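Here are the chains, one letter per residue:
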Amino acid sequence: MQRRRSSKTPKQPQHVQHKNQTDLSAWRKGGKIDSEKSLQYNQSANDQKYDNQEESLEQALSYFGKVQDCVAPKKNVVQKHLDAVESTALKQGLPPEGFEILLNVALSGRLADTVNTQLLKSLIPASVIPENSVVTAVSWLCVSKCSGNIQLLFLKWLITVFDFIDHKEQLHALYGFFFSFLQDEKLCPYVCHLLYLLTRKENVKPFRIRILLDLQAKMGMQSHLQALLSLYKLFCPEQVTITLPGKMKTYFKNSEGPWKAAITAVRQRNQGPSPLSQAVFLGTSQPQSRKRKWNAQLVIPASSTNTNHLEEDREKSCFYLHNTNESFPVEQLQTFPQLLQNIHRLEFPSQMGSVLTNPLLLHYMSCVKDESIYLRLYYWMGQMLQEECTWCVVDNPYEEEFKSFLETAYKAECFLQEGFSACEEFLYKTLPLWDGFCCRSEVLRLVSWIPLSSFSDIKQYLFDPLAQLFFTSSIYFKCSVLESLKELLQNWLNCNVIQMDLEISSGNTTLSGLVNVVAELVDFVGRISTVALRLENNSTFLLYFILDFYGTVCDMYLKYNLPLLIMPPAGVFYPALLSMDSVNLNQLCYIMYRYRTNLVAAKENELSKKKILQFKFSNQTYQKYNQYIIAMVGCLWTSSAFQKDIHPQGLCMDDKLLSKTAVKELKNSFNIVYHPAMMGYSVRFLQQICPDDTTFNFKLIKGKKWDWYLEYLYTQGLKGLKVFIESSISRVSQAARSKAGNVEA
Amino acid sequence: MAVLRPFDKLPKLNSGVLLFVGSDEELQRRLAETILQEKKDFNINIHLATSLPLPSERDHLRPRIDLVVFMIDIKSKYSLKNVETSLAYVDASYFLGKVCFLVTGVGRKNDCSIETNAVCKLGEAYCSPVLFCELELEGVRVATAQRLVRMLGICAGHIPGVSALSFVSLMRKSNDD
Chain R
1 MQRRRSSKTP KQPQHVQHKN QTDLSAWRKG GKIDSEKSLQ YNQSANDQKY
51 DNQEESLEQA LSYFGKVQDC VAPKKNVVQK HLDAVESTAL KQGLPPEGFE
101 ILLNVALSGR LADTVNTQLL KSLIPASVIP ENSVVTAVSW LCVSKCSGNI
151 QLLFLKWLIT VFDFIDHKEQ LHALYGFFFS FLQDEKLCPY VCHLLYLLTR
201 KENVKPFRIR ILLDLQAKMG MQSHLQALLS LYKLFCPEQV TITLPGKMKT
251 YFKNSEGPWK AAITAVRQRN QGPSPLSQAV FLGTSQPQSR KRKWNAQLVI
301 PASSTNTNHL EEDREKSCFY LHNTNESFPV EQLQTFPQLL QNIHRLEFPS
351 QMGSVLTNPL LLHYMSCVKD ESIYLRLYYW MGQMLQEECT WCVVDNPYEE
401 EFKSFLETAY KAECFLQEGF SACEEFLYKT LPLWDGFCCR SEVLRLVSWI
451 PLSSFSDIKQ YLFDPLAQLF FTSSIYFKCS VLESLKELLQ NWLNCNVIQM
501 DLEISSGNTT LSGLVNVVAE LVDFVGRIST VALRLENNST FLLYFILDFY
551 GTVCDMYLKY NLPLLIMPPA GVFYPALLSM DSVNLNQLCY IMYRYRTNLV
601 AAKENELSKK KILQFKFSNQ TYQKYNQYII AMVGCLWTSS AFQKDIHPQG
651 LCMDDKLLSK TAVKELKNSF NIVYHPAMMG YSVRFLQQIC PDDTTFNFKL
701 IKGKKWDWYL EYLYTQGLKG LKVFIESSIS RVSQAARSKA GNVEA
Chain B
1 MAVLRPFDKL PKLNSGVLLF VGSDEELQRR LAETILQEKK DFNINIHLAT
51 SLPLPSERDH LRPRIDLVVF MIDIKSKYSL KNVETSLAYV DASYFLGKVC
101 FLVTGVGRKN DCSIETNAVC KLGEAYCSPV LFCELELEGV RVATAQRLVR
151 MLGICAGHIP GVSALSFVSL MRKSNDD
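Keeping their order, the protein sequence lines are chains R and B. Take the first sequence: its letters are residues 1 to 745, numbered as in the numbering used here. Take the second sequence: its letters are residues 1 to 177, numbered as in the numbering used here.
Isolated chain R, as found in the complex (with noise of 0.2 angstroms):
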């Protein structure tokens, strides 16, 4: 007894020993401690308690894996083990050889129902289940010892429990045996999701398809029946020929029962992973299979002198080549060179979801053409992201593990460079319900990897929700969300520059499709931004993450070769154009004259007729561009954007309003000296250049000083300004400004 405290009761173990040495009561075992003592002897108490759990739990299992001879268990007896063990399995699950015995038990048939079910119902894992006792209980389940409901509730926690089983190969040698359990009316719901849980491609047998077939005809449309049919039909198209559906969401009941709330609970308490990682990681980490890691190196070798000896001995080789049919388990994938050597052979495990984790896995399923591995992968995804989804399911506790859950999804998809549409299906179902709090960059971030496609349904389920979001939360919720709407256009122009480098046809997508696709993303942004600036008077940090939108939307049509050009809506134009600091008026011009840049590219391109373009910029871009410039020039070089601006929703004022501003000089007061968003630039300019002058007299710059002041402003960084005003600008030859004076000033 002393050795067992020491090693499982980690606290005060010293003080425990202490009081039983001085107190002779707390010897007798079973701890008969009087109540009226200290606090300290409830916690000796708890650690005897503790002790008695494990001694029960061991005398319940040694009792059980006896009771088989016993003629007559008694009920009483039997009663409480059955109390030790379930009390066990609440508190700390159980170990993994407690397993076999209770299987045993409980499928045999030897005791009562009510003895069996609670049993089954106690089968809480601590860590994993051992296949063996799997494998055993399956054996029983073939005799039909127990009744009815007792093998039905088995299959239920099989179900449940599949991620814990450690190894997982005899199991898939017992494919047929589950397979013929599919007779019984009452199991086959879940013998199928069994099935589906452990097909593989080998699997896949005509006579098993006929058979389906035939208990489809029997019992109708089944969706368990669909789910294996449509199942087997992604691994073999060719044998499975009916017409099965689309996809459904779900096809198999939630069958969790008991099991699941008590596994978290003792996860929780035993502070170990919860089932979401435990899923993730599951498939990756074998540390028992050490020892086949040399048989696998075995195996490598034999291909290799095949191609050596492949001259000299036929047969030989042929053997060879029929050896290495097998598959490569991939709990031993380490090196990308395994994987290349392997990747004719590789399989993919049982669990999907441990491939997000694994990069290796994640290059093979990009090159590999194989359906049924996304079918599987998004199965497993929507589940897992419909079920543990913190704001639409109150009592999940985990909302971290959803967090990160969610961030490996969304690395997944940057490494492989495309969306999950598992994904983009969670998002549109689950945004409109969306807080704007939970979770809110990474879901954001997952928005940014929708699937490009040419269906405009993205309008009424991505647009309209976070339209209603947006607008109703604070001003870093928005920037967060325009940082992510840029990011998706740059995801999807991406994706087609990729598509068409390589040719390939995708589907639906044509040009004409995705650019109104595109379009309509932009015209998205421009009225949020419009409203947005209004809502939050023209704030900065707000505007600068619209300028960085329009930042890619500029350059569309000559960085990513898409026929689209839109110009920002003037809601967005004139607050840039009008803005109060200098980095925002910087973007605007760099922007401005990128637009220029394009569209002087696509004119040429059109003029020279060197490529039949299907689409030509309308008169209206261009239209709207110098309407723009117009006001630019006028209010950063010319002073005359009141007089000048076109556009509708622009600074025109008549010259009666503009004389009762009472500022002199009009017609040289508003350019890039006097901007309030360059006036720090120009006192700290006349400081350098008049160290003496306390009154700063702005008109001084002009002639040669303008030039210098020019110069200045492009060392302190506007370089945006810089290439606009080369672009723009024409300038008049030094000697006539020389002479002219004040021209230019």
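No wet-lab data here; the hints were simulated from the structure. Be careful, since some hints might not be right.
[Said to hold, decoys possible] Listed next, the in silico SDA-like pairs over lysine to any residue satisfying Cα-Cα at most 20 angstroms (straight line): (1) B:K173 - R:T530; (2) R:K429 - B:R108; (3) R:K121 - R:V138.
Every value quoted in this text rests on a predicted model; they were computed, and no experiment measured them.
Following the hints, complete the assembly by docking chain B onto the known chain R.
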């Protein structure tokens, strides 16, 4: 009469008045407390009611109401019926941006007894936005409170250039166009 009218009283300076109508009083109270703890630029008054019409004895003491929030619990059919009968006591001009539907309890999808579709149709019929939330989670409660405060600021006219009507028309479904 007992009908709520948006413009029959003068507004107070620098304030906004919110009215909650819903059958779950406890939830209303908790949400109201969260709202009052928010940082804001104007004074907020919150009135709670289980149904309309409001008792007419205290009508002269009541300020002008800027935003009416109808709370529907997705787990209770009664709350939806309650809201539907109360809608008759609101003047039509309130539905030009000063009404919003708040659906609570979305965290328990398995217990919901009214369909989200039904509530969305109600929102479309009355041209008012429908917000979904789960008020039992504290973070969500705070976020919802912040959203309501922003909407209240617009409805009370504190944002220049944005009226309640223009705001609500932005949030209409795009397939209505």
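Inset, instruction - List in ascending order the numbers of the hints, as given earlier, that are violated by the structure. - result: none
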